[in-house]
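0 is the number of the first residue of the sequence shown in numbering that gives the first Met the number 0; add one for each residue after it.
To be clear, the hints were calculated from the coordinates, so they are not data collected in a lab. What you are looking at is a predicted structure, and each value in this text was computed from that prediction instead of being measured. Certain hints may be false.
[Said to hold, decoys possible] Label-pair distances were calculated between CB atoms; the ranges are: (1) L185 x F273: 26 to 36 angstroms; (2) L211 x Q257: 15 to 25 angstroms; (3) T294 x I252: 48 to 58 angstroms; (4) D297 x W188: 39 to 49 angstroms.
[As the list claims (entries may be wrong)] Only pairs whose alpha carbons sit at most 30 angstroms apart, straight line, appear in this in silico DSBU-like list of lysine-lysine: (5) K131 x K78; (6) K264 x K23; (7) K192 x K131; (8) K271 x K78; (9) K78 x K98.
Glycine residues also receive a C-beta, built at the ideal position from the N, C-alpha and C atoms.
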Amino acid sequence: MNHPLVEAVYIVICLIVFILALIKLPVRAKMLTSFLFTSGVMIHFFYGNRTFELLDGITQNLALLSIILLAPLISIPLKQERIIERLVNNLKYVIDDYKRTYKSVFLLVFILSPILNMGSLRIVHSFIYDLKIPNRLLSKAYYNGFTPAILWSPFYASVGIVLVTADLSFQSYLPIGLSFATIQVLLAWMLFKGFSANVNSSKIKINGAFWLFVLYVFIILLLLVGLELLTGWSMLLLVSILCLSVPLIYQLIRFNSQEFLSEIKAYSRQVKSFSSMEVALFLSAGLFGSALLHTPIDDLLRNAILWSSEKSLVILFLFIILFVTVLAMVGIHQIVSVPIVLTVLLSLDLQMSMMSAAFMCIFTWMLSASISPLNALNIIISSCVRTNGIRVAYQWNGLYFITITSVAMIYVYVINVIY
Numbered sequence: 000m001n002h003p004l005v006e007a008v009y010i011v012i013c014l015i016v017f018i019l020a021l022i023k024l025p026v027r028a029k030m031l032t033s034f035l036f037t038s039g040v041m042i043h044f045f046y047g048n049r050t051f052e053l054l055d056g057i058t059q060n061l062a063l064l065s066i067i068l069l070a071p072l073i074s075i076p077l078k079q080e081r082i083i084e085r086l087v088n089n090l091k092y093v094i095d096d097y098k099r100t101y102k103s104v105f106l107l108v109f110i111l112s113p114i115l116n117m118g119s120l121r122i123v124h125s126f127i128y129d130l131k132i133p134n135r136l137l138s139k140a141y142y143n144g145f146t147p148a149i150l151w152s153p154f155y156a157s158v159g160i161v162l163v164t165a166d167l168s169f170q171s172y173l174p175i176g177l178s179f180a181t182i183q184v185l186l187a188w189m190l191f192k193g194f195s196a197n198v199n200s201s202k203i204k205i206n207g208a209f210w211l212f213v214l215y216v217f218i219i220l221l222l223l224v225g226l227e228l229l230t231g232w233s234m235l236l237l238v239s240i241l242c243l244s245v246p247l248i249y250q251l252i253r254f255n256s257q258e259f260l261s262e263i264k265a266y267s268r269q270v271k272s273f274s275s276m277e278v279a280l281f282l283s284a285g286l287f288g289s290a291l292l293h294t295p296i297d298d299l300l301r302n303a304i305l306w307s308s309e310k311s312l313v314i315l316f317l318f319i320i321l322f323v324t325v326l327a328m329v330g331i332h333q334i335v336s337v338p339i340v341l342t343v344l345l346s347l348d349l350q351m352s353m354m355s356a357a358f359m360c361i362f363t364w365m366l367s368a369s370i371s372p373l374n375a376l377n378i379i380i381s382s383c384v385r386t387n388g389i390r391v392a393y394q395w396n397g398l399y400f401i402t403i404t405s406v407a408m409i410y411v412y413v414i415n416v417i418y
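Make the full structure from the sequences, and use the hints.
Structure representation (structure tokens):
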């Protein structure tokens with residue numbers, strides 16, 4: 000409903016939710032989100048906005064936030080059928096050499112991450128943290144298994160925000176994201192071969208739980224693509240609908256109300272206890288990002304992008320990576336920087352395809368999230384391997400990130416030619 004009263008109520012509710020989430024945050028997180036929120040309001044005020052206009056942008060990321068909050072629901076059928084538990088438990092019986100360990104952890108994270116997001120890392124690590132796996136090897140398995148999903152899965156902020164901002168359909172982008180994710184996996188396995196060249200390897204036993212999970216993910220993706228073709232609705236909306244409807248349909252088929260209610264209660268506790276940071280960050284980042292578009296940074300960024308694009312596509316790509324990564328290093332999340340970059344890219348008449356711009360932004364999001372010690376992905380992996388984020392990203396996995404970035408430069412040219 001496009002009505003001023005509805006919009007006003009919508010904004011007020013978002014403000015109340017932001018305040019409730021802010022109260023629950025630790026001091027450092029509270030300082031970051033408060034800074035984004037107050038800076039956004041002050042910038043809007045300085046440029047002449049008043050009343051509800053001061054909160055312009057606070058609802059910008061709400062559709063994406065709904066996916067982050069609802070995504071755990073889609074794993075309820077997997078939990079009730081004990082598929083995830085069987086997958087992870089099997090790892091305990093295959094730890095006998097480096098290559099087998101790496102491949103086992105890699106595969107677990109790789110198949111769980113497309114729909115469980117960072118929950119896949121937490122789930123896997125909760126089962127294997129006491130198995131005495133070398134930390135360097137574990138960090139490689141986590142990064143190599145997780146990062147490909149950031150490039151193509153509709154359950155990730157990187158894909159969701161970029162496709163919505165660029166007004167691209169998921170089915171048109173999926174071949175691009177999946178193709179590079181495949182290249183990324185092959186490169187990771189080749190690099191690990193050199194890392195453990197002197198270690199013997201035996202075959203991994205893939206059981207029925209593995210194929211059931213693969214089938215489940217395939218059906219979810221098939222439904223998303225099919226529904227997008229049939230309805231023309233936003234992928235963010237379709238993912239949210241599936242997150243709600245899949246567990247309900249499964250419950251009607253299985254009809255185990257007691258176990259289902261137990262899962263819902265666990266989910267509710269999880270949202271109340273652990274989602275405050277996502278809520279506060281996404282709402283404040285939307286407000287701050289919207290405000291920045293009214294400042295001189297918009298013109299500076301526009302000029303820098305225009306200059307870079309005149310040199311070459313690679314220079315433009317490198318500039319975007321540098322800009323987003325530097326901001327990520329000082330704590331400014333990609334949810335703030337990437338939409339600004341993409342908005343500027345779309346507003347300029349550049350000699351590049353829309354798909355190239357989308358891929359560059361999504362890849363940059365993945366890379367900067369991986370190597371910035373202030374980003375959740377780097378923080379989670381470094382805490383799992385009990386080593387600082389700089390060492391984990393640069394010393395242990397630097398070659399991996401340099402390699403995939405170099406290949407991504409070539410890949411962007413290929414996209415630009417095809418599209």
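To see whether the hints hold, each was checked on the structure:
A C-beta distance of roughly 35 angstroms is found between L185 and F273, which places it inside the suggested range of 26 to 36 angstroms. Between L211 and Q257, the C-beta spacing of about 23 angstroms keeps the proposed range 15 to 25 angstroms intact. At roughly 53 angstroms, the beta-carbon separation of T294 and I252 lies within the given 48 to 58 angstroms, and the hint holds. The beta-carbon spacing between D297 and W188, approximately 42 angstroms, falls within the hinted interval of 39 to 49 angstroms.
Our distance criterion of 30 angstroms between C-alpha atoms is met by K131 and K78, whose separation comes to about 26 angstroms. Proximity of K264 to K23 is assessed by CA-CA distance (about 20 angstroms); at most 30 angstroms being required, the pair is judged to hold. The straight-line distance between the Cα atoms of K192 and K131 is roughly 21 angstroms, inside the 30 angstroms bound, and the hint therefore holds. Straight-line distance between C-alpha atoms of K271 and K78 comes to about 20 angstroms, which keeps the hinted pair within the 30 angstroms bound.
Taking the CA atoms of K78 and K98, the gap is about 28 angstroms. The hint holds against a cut of 30 angstroms.
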